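S.K.: Chains as they are written, first to last, in this note's numbering: chain A, 1 to 305; chain B, 1 to 320; chain C, 1 to 320; chain D, 1 to 517.
These aren't lab readings, by the way, just hints derived from the structure by calculation.
If you're wondering where the values come from, they're calculated on a predicted model, not measured in any experiment.
Hints should not be assumed to be uniformly reliable.
[To be verified] Quick list of in silico lysine-lysine cross-link-like pairs, BS3-like style, CA-CA up to 25 Å:
1) A:100 <-> A:124
2) A:124 <-> A:235
3) A:184 <-> A:150
4) A:255 <-> A:235
5) B:184 <-> D:124
6) C:290 <-> A:213
7) A:184 <-> C:184
8) A:283 <-> A:47
9) A:123 <-> A:184
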Amino acid sequence: GPSDAPSPPGATEAAKASSKPRVALIMKSLANEFFLTMENGARAHQKAHAADYELLANGIKDELDVARQIDMVEQMIAQKVDAIVIAPADSKALVAACAKAQAAGMVVVNIDNKFDQAVLDEKKVRIPFVGPDNRRGARKVGDHLAKQLKPGDAVAIIDGAPNAFNAVQRQLGFADAMAAAGMKVVTAQSGYWETDKANQVAAAMITEHPQLKALLCANDSMALGAVAALRAAGKQGQVLVVGYDNIGAVQSLLKEGRILATADQHADQIAVFGIEYALDLLKSGVAPADKETPVELVTAPAPTR
Amino acid sequence: MAGTTPAWRHWIGEFLGLLIGLAALITVFGLTTDHFLSGTHLRTIANQIPSAVLVATGMTCVLILGQIDLSVGSVLGFAGAMLGVAMTRWHLPLPLAVALALAVGAICGAFNGLVSMRWRLPTFIVTLGMLEMARGAAHAVTGSQTQYIGSAVGRLADASILGFSLPFLVALVVVVATHILMVKTVFGRYTVAIGTNEEAARLSGIDPRGVKLSVFIGTGVLSALAAVIDTSRFQAANPNAGLGLELNAIAAAVIGGTSLMGGRGSVLRTFLGVVIIAVLNSGLAAIGAKDEIKRLITGAVIIAAVIVDVYRQRGVRRPA
Amino acid sequence: MAGTTPAWRHWIGEFLGLLIGLAALITVFGLTTDHFLSGTHLRTIANQIPSAVLVATGMTCVLILGQIDLSVGSVLGFAGAMLGVAMTRWHLPLPLAVALALAVGAICGAFNGLVSMRWRLPTFIVTLGMLEMARGAAHAVTGSQTQYIGSAVGRLADASILGFSLPFLVALVVVVATHILMVKTVFGRYTVAIGTNEEAARLSGIDPRGVKLSVFIGTGVLSALAAVIDTSRFQAANPNAGLGLELNAIAAAVIGGTSLMGGRGSVLRTFLGVVIIAVLNSGLAAIGAKDEIKRLITGAVIIAAVIVDVYRQRGVRRPA
Amino acid sequence: MSPAPAPSHPAPVVRLRGVGKTYATRVLDGIDLDLFPGEVHALVGENGAGKSTLCRILSGLTPATDGGMELNGQPYRPRSKRDGEGAGVHMVMQELNLIGTLSVAENIFLDHLPHRAGWIDFPKLYQRATEVLDRIGMRDLDPRTTVDQLGVGPQQMVEIAASLWRQCRILILDEPTAALTEPEVKQLFEQIRNLRAAGVAILYISHRLEEIRQIADRISILRDGRLVGTQPAASLTLDEIVRRMVGRELGAESFAEGRTAGAVALSVRHLRRGHQVRDVSFDAHRGEILGFAGLMGSGRTETMRAIFGADQPDAGDVFLHGNSQPSRFRSPREAVQSGLALLNEDRKAQGLFLSLGIRENLTINALHRLSGFGGWLRRSDETSVVRSWIDKLAVRCHSPDQGIVELSGGNQQKVIVARWLFRDCDILIFDEPTRGVDIGARFEIYHLLADLAAQGKAVIVVSSDLLELMSLCDRIAVMSAGRLAATFRRGEWTQDKIMAAALSEHLAPTRATAASA
Ligand SMILES: Nc1ncnc2c1ncn2[C@@H]1O[C@H](COP(=O)(O)OP(=O)(O)OP(=O)(O)O)[C@@H](O)[C@H]1O
Ligand SMILES: Nc1ncnc2c1ncn2[C@@H]1O[C@H](COP(=O)(O)OP(=O)(O)OP(=O)(O)O)[C@@H](O)[C@H]1O
Ligand SMILES: [Mg+2]
Ligand SMILES: [Mg+2]
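Chain A with its partners taken away, still in its complex shape (with noise of 0.2 Å):
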């Protein structure tokens, strides 16, 4: 019967519930907000459909350690769930895993970070993906940025960690609407996505390019970090400081203009349209295909600049 029980099952429930598909949802790092924020949707969705599905929700320590998640993908093989939905840390060393799932007879749904294309080719699999561009996203944000200046305005990069897919596309869309507004590229360091570390980096920047226009940050933690350093060289308002994620501490930072924008992929949303995806999926046995989740700018309602 229908149980508002929130997972984890315990034993007992778990038996008298055995008729309802147990889903996976494996994230990367829960140490990160926006991880969080997924992982909190999917509770949420999950208590709202407490008839339909189980929930084990799951995710590593660090955004990196792509070990670590691929242990927990075998795990829930041996676990025998019925779908795994997961947000590869490394869009290729997780392919082999979740090809191995499928053939295990489970569904698979790929969420947020996309594998990589030619890794599915070659092991011939088929995962759907639901999830944001990123690439696209931060050239939304590049590009609104790219409005506050004047071609050929010095501006910097931090990057997320190094390897990191979505680092790595918002790098490059960061990139784009920088050169199709004509502006120049001083410096692109990594912030390892940490306050502290984008904060030294930032710092370093702003010294040794006193002619820096914007700082342009692959996620809000950062955003914070390099708004700190700004403030500590006496440049507010001289040099602007867009960000990524949205996520609530830059709320009022927006409002003051000290961030100037920032993008918002609905972290919220993005896991409950995997699991809704993998539900469908179940029930019908049709591969439906890859579904883009709308990636938001979010500027101040009024920048006071």
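Got chain A sorted already, so can you dock chains B, C and D with the ligands onto it with the hints?
M.R.: Below, chains B, C and D with the ligands without anything else, positioned relative to chain A:
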């Protein structure tokens, strides 16, 4: 290590605390989840741990020697990166590429050993330097891109006997062999002697340099072997592989009763330490607990495991 | 610590190697970049390091005591998280929120000290457990959300004298005070003695427990103070703050000549170690070096700094 | 003075000519010494005279600054201990250098573990170890015992065993007997005589001059790093040795006169701890020196540690100053605060802060007397205190801040003695206080102990040197296998009576192995 208690009591005493802890964990998770106690699941865990086991084995030897190696994770990343690049870009055949990866591990280990001995530096700092350098090298050779290799390398991990993968069996063999090496051979006894009191060992006419160098090279090679195994499991080489592994490996060794002061430790018990950590991770994932709860539990279990171990030691021998 | 050379020569000897290394770094970066040598930039660096300095100061004391504290980074995260939550959700006034954060640091430190003493556990493992637990707690209280506080907390970092921020001056005061504590007081003497030979200290009638507990609590409070400073710099509390800080702090201490075996170390020289690392990071960012190059250079410089230090020690006194 | 030739052996194995050594100061100067095969050559001298340094040079541990050595007529310049051992020179060092986590057998054969292709042949190892242990009378010691379960005495025997099986031409023994009691010394001497008969040259160092008279063929006397002379042992009287060592007469003093025992300061009742301490009861009075004699492992050290709170006793009570309430110390700190002092027998492991200086080592437990508000140390006060103790005990050093590692063994011991004297306790327990201390300084320490007793303090001395106890104590308690076998007053005792009491519990032999551990 030697004692006058009968051998079987000695053995039980050695492993009792850890086995009780492990049994407790398995029981708890077996009761709270559906499929935890299935053979498939336990085999899955078994097939996940080989690389952690290899690295922790090397770390245990280094700790027994009274040294530390913080670079194991990075060396794993670097060796894997070389394997990936060798296969995807240079199209070397698998055996050659594996040999290259192992050589990379050996060279990193040799660097750690030689530099710390040449300038009498604490290995903590030399291997911390190597941690940065090897990770940098891993990113440099791969251009920070995961190298997808495909089934050419995957077959290593796919081979299996009785459901246990080749890597797991390799890891077991390495553990047993290293244990025997430490307990039954001159080399092992010298390692213990140097770790306990390097000066006294030197005064007894042992040359610590050869032993130290060998242990560091061995640890490097084990990390590289772990890289080969990981790469073959994932069919891809990731330059970030092994991030933070050093603390995990040390934790496994210490849970197994290895002393950070040197001279005391057992590879077999480290193996149990790795298994405990793996079962814990796996069980928490099976429950699907929230991340912060997982961390709280992990932290508490690590401490509890060592407390159990302390009581075990009290039972077996008086503290020195 | 002991020596028969006149005081001034002693001082120069103590700091010479580090200062030469620092000067060399600054020269190189000064020549290869445009604005590195500007007063603003050096002040910028000075204003970035306070939290690292505080944490490394605590770590140095723990290392002198012959122990280790791996939880400093997580405790920083947890204390900052409490500060953030206290201000944004519970709307406590700043002084109360700061007091709460410091209390959190003290409690974590006390836990480390008490648990390791009660069950005679290696502090490595207890603080490794705390590393996990405090990070879990930081995520739990914030719901993993960065807490934006705004200028209510920012004014702490904004206050400045001669361009040096209040945090920097606080850090300086803490360094000098801790140095004096270690060198000029009974407490410091006990810390060194316990770190050198705990059993001998105990048998001389010193109670190592009080000293140990104080040092761990002190380290916890310093981490919390660092959290307050970071929070006020970023005007936001991030549950991931301080990730991996423990290795950095240890590296700074060891670059400054602190022994991991206990009994030897100087807070002043650790300070120089922190500065060296900060200048290096900043310089590499100013050059805009590629990430993998940064890592390679950082690793090499850490090792080189310690080698220079070894030669310095040879000059001043023969190694024991 | 030219070395006196040993008549029966024409060619020396080792010839030292003008050997000197300079650290911060000159510690050895122009040493000429010949060692002949089949002689026991004793080296005597005050603490810091340079005996150990000479041995270290000979064995290759440290290079000489000047001068030269010849081995069998060939130039001999060892660059490491290995070099020396390759040339047949072996040494038992003054400080214990064992590997605590390894077994007795492994320690004995550490650099020659019997093996096949790297695999240790354990049965053979244990069998050979048993043989070697048998030879020095340690039949009861199981070669599989881990060394850190042993007391200092047995450890010293293991260290000796590790050198006795070797085929060597020169054996250097640097204070091998400092922690040994009479039976072990006898066993050792038997072995030394065997080696001498086999043509080995033995360089023997000890501060127990009686021993030297028993075993040595020739005696070399060092003073301030210079060789005062080498003479056949038979031609030297004890007084003469002392005079030439110390440079003045010491006289036959008694340290037990003019004291009257006062009230009971410490009484111990039915103390038990494991197998080492079995129902020990005794009283120590103010104004007396109470000695503890016994064989190695008889439990004296364990008893004192249990009283002091260093180990927790299983049962029994300790009463202070006639209180009816027992004081049980849960830690050494409580004991010290109640006015007890315990000087440990194992100075390296339990006494010294090796990487610190004399200053820190000396004042560590009385810093409250040298500090003001908030624990602020008054460094100049401290310096003058340290200097005054250095003078009082004639510690040979060049500065109060000299590293303690740089001091000779005996001088290290003096620093630790000074630590407890400065702490100013009422009840002082000294476990082997003169271990490695030269005769002159020994007399200084005896004087100090006698003074303390005369001031009304209770002094307990545990010593393996029976003569020392007999010249110093008012009463001697004798322990045997963990029990207090007998207590003698001055005048009641003889050496034989004490030995008989020490052996009393061993008449029904029990294996004193670590089976219980
Ligand atoms: N490493 C060193 N650095 C400086 N001085 C040293 C060092 N080693 C020994 N000395 C000094 O050399 C002198 C001789 O020391 P040595 O150990 O040879 O004396 P010893 O005759 O063996 O004394 P003891 O009877 O106390 O063992 C002492 O004054 C000592 O302080
Ligand atoms: N022959 C032996 N074989 C094995 N263990 C021994 C032997 N002699 C002593 N021990 C161990 O060494 C320790 C010595 O005991 P303790 O130090 O109390 O005696 P002691 O009378 O002070 O002797 P010592 O003269 O060696 O200091 C005990 O733990 C005992 O078990
Ligand atoms: Mg000596
Ligand atoms: Mg004793």
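S.K.: It remains to establish, for every hint, whether it holds in the given structure.
M.R.: Okay, the hints, checked on the actual structure:
no.: 1; hint: A:100 <-> A:124; result: holds, 12 Å
no.: 2; hint: A:124 <-> A:235; result: violated, 53 Å
no.: 3; hint: A:184 <-> A:150; result: holds, 10 Å
no.: 4; hint: A:255 <-> A:235; result: holds, 18 Å
no.: 5; hint: B:184 <-> D:124; result: holds, 13 Å
no.: 6; hint: C:290 <-> A:213; result: holds, 22 Å
no.: 7; hint: A:184 <-> C:184; result: violated, 56 Å
no.: 8; hint: A:283 <-> A:47; result: holds, 20 Å
no.: 9; hint: A:123 <-> A:184; result: violated, 41 Å
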